[in-house]
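Heads up: the protein sequence lines correspond to chains A and B, in order. Heads up, our numbering is the position in the first sequence plus 46, with the first residue counted as 1. Heads up, our numbering is the position in the second sequence plus 46, with the first residue counted as 1.
Think of the hints as simulated: they come from the structure by calculation, not from any bench. Do not rely on the hints blindly, as some may be mistaken.
One copy or two, either will do: identical chains are not told apart, so a pair holds if it fits within one copy or between any two.
Said to hold, decoys possible - For lysine to any residue, the following SDA-like pairs were computed, each having C-alpha atoms within a straight-line distance of at most 25 Å:
1. K83 - D228
2. K99 - R71
3. K89 - R104
4. K89 - A178
If you want the building blocks of each chain, they are given just below.
Protein chains: 2
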Amino acid sequence: MTTARRDTYTPDSLLAVAVTVFNERGYDGTSMEHLSKAAGISKSSIYHHVSGKEELLRRAVSRALDELFGILDEDHARGGRAVERLEYVTRRMVEVLTAELPYVTLLLRVRGNTATERWALERRREFDHQVARLLREAAADGEVRADVEVRLATRLVFGMINSIVEWYRPDGRDAGDGRLADTVVRLVFAGLRGEG
Amino acid sequence: MTTARRDTYTPDSLLAVAVTVFNERGYDGTSMEHLSKAAGISKSSIYHHVSGKEELLRRAVSRALDELFGILDEDHARGGRAVERLEYVTRRMVEVLTAELPYVTLLLRVRGNTATERWALERRREFDHQVARLLREAAADGEVRADVEVRLATRLVFGMINSIVEWYRPDGRDAGDGRLADTVVRLVFAGLRGEG
């Protein structure tokens, strides 16, 4: 252990290292040995912080899920017309995704091999359902095109938003100015076509 | 080899087996042994058809790429206003993706570790650029919202379309009736919002 650095990790900073490794190697492909190497501390030091890699996964996806579900409790997601609430939630989903990029990336890659992964998938589905419910309400208000099916539209909108993790870089040219969230909201709610 | 079935494969039917295995295990995670087991014929029988797994990958992604580039040569993609051509290409992309689901899925998962993968990535980028060019033309015609940036819109629209491979099942309720392509076109070009 002479090469190991002193363990100065907090629960959050150790989690950040673990999430990076999970995203690089896949959760299944990550061993405690990989985590120990990436963190530069011994496995027993890691066990001092957490019970194992599944606890790290649970904490990481919980962080993403808490942020996402938190959106639904915000004032603008709770009051007003359904279509406005849906627009607000769409914008905030993009903001959470970019602000919590590694955590949401990990959440979106969860496959369901362990109890924690199955729990995360279940929570994701519940979030999707709540957003679909908003879309259904907006449709019932006559504020969504009648020729678009709610379940299909929900999948496609989530598909667009979730695909952002594949290319977004926090330090890139799309970062920070809210243009990405604006563009998603415009595409989803008003479509591409201009006056022409 | 007593348990192996007689080799009655055609190049296409062997390719279909290989693509299924590549999509399940990942291309990197697939050995000739895996392909031999899945096909139920010996490795030497496979080598009778192809030089190895990289040739199978190249044939599989070529099939997806040929179908995608083929769209751009179709009459409706070549004549008329740019925004109409773009709408046509969008619809046909969804149709190709669902008709050639395993091949397009494999193409979208290519990462770039081998020469064939890097070539496939390069061809994908070229296709993306051609679609982006159409979007730029439509914007120059004043038929695309001025407050949406072309590069970002292209990424988001591709993100929506490509996400379909994650959940679409050829025998499911979304199959066959063109509703999926209609919905994508409506969302992308007109947005969700109805008259309200």
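Discussion item. Flag every earlier hint the structure violates by its number, smallest first.
Written reply: 1, 4
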